[in-house]
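Q: The sequence shown begins at 46 in this note's numbering and counts up one residue at a time.
Among the clues, some could well be false.
Stated by the list, open to error - DSS-like mimics (lysine-lysine), calculated; alpha carbons at most 30 angstroms apart, straight line:
id, residue 1, residue 2
1, Lys191, Lys120
2, Lys156, Lys144
3, Lys156, Lys191
4, Lys69, Lys156
5, Lys94, Lys142
6, Lys191, Lys103
7, Lys142, Lys156
8, Lys69, Lys191
9, Lys103, Lys120
10, Lys69, Lys94
11, Lys144, Lys94
12, Lys94, Lys156
13, Lys156, Lys103
14, Lys142, Lys103
15, Lys142, Lys69
16, Lys191, Lys142
Stated by the list, open to error - Listed next, with one range per pair, are the computed distances between beta-carbon atoms:
id, residue 1, residue 2, range
17, Lys144, Leu62, 33 to 43 angstroms
18, Leu62, Thr138, 18 to 28 angstroms
19, Arg112, Gly145, 38 to 48 angstroms
20, Gly50, Glu74, 42 to 52 angstroms
Derived by calculation from the structure, the hints in this document are not laboratory data. Here a beta-carbon is modelled for each residue, glycine too, at the ideal position from N, C-alpha and C.
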Amino acid sequence: MAERGGPAARAVLQQCLQARLQVKPAEEEAEAQFVQIERGMVIYICFFKGATDDLLPKMASTLLNLRLCESDSGKMVSVSELPGHLLIVPQATLGGKAKGRALQYHDNIGKEDGLRLYGAFVSLCEERLAAASVKHGTYGNRQVLKLDTNGPYTHLMDF
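Construct the complete structure from the given sequences, taking the supplied hints into account.
A: Written as structure tokens, this is what we have:
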């Protein structure tokens with residue numbers, strides 16, 4: 046649990062047929078850069094104040110082993126059983142709380158700690174799945190996502 050009594054992290058999982066994430070916008074002399082996955086799962090992740098490295102193994106194990114993906118036979122399996130691909134997207138807006146007509150993010154972890162935890166989480170996922178099966182966004186930057194879902198099939202999980 047985080048220091049404020051709530052969750053230390055939040056994840057949204059979305060089954061996908063394919064997903065493409067722009068990780069760097071086009072510049073004068075360079076085209077935009079993208080990462081792309083085929084069938085698998087997109088995980089949006091947000092860390093809150095008080096989150097520590099101790100949380101990461103449980104998160105990775107839970108998220109990679111939940112039976113949330115549909116196999117060719119229609120059976121529900123984990124992304125590691127498909128075999129499937131994983132796209133991890135940092136999503137600080139998952140920590141927003143409405144105050145009047147605005148959203149506030151006071152419970153979100155600081156940028157440096159969030160970047161470190163995000164990088165460690167991505168590395169854990171790469172260790173547990175084939176590294177080539179895991180793609181990820183860039184922490185702290187605006188990104189553009191194109192997603193073909195197999196559903197909608199979306200789950201929210203707090204850790």
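Q: Of the numbered hints stated previously, which ones are contradicted by the structure, given in increasing order?
A: none
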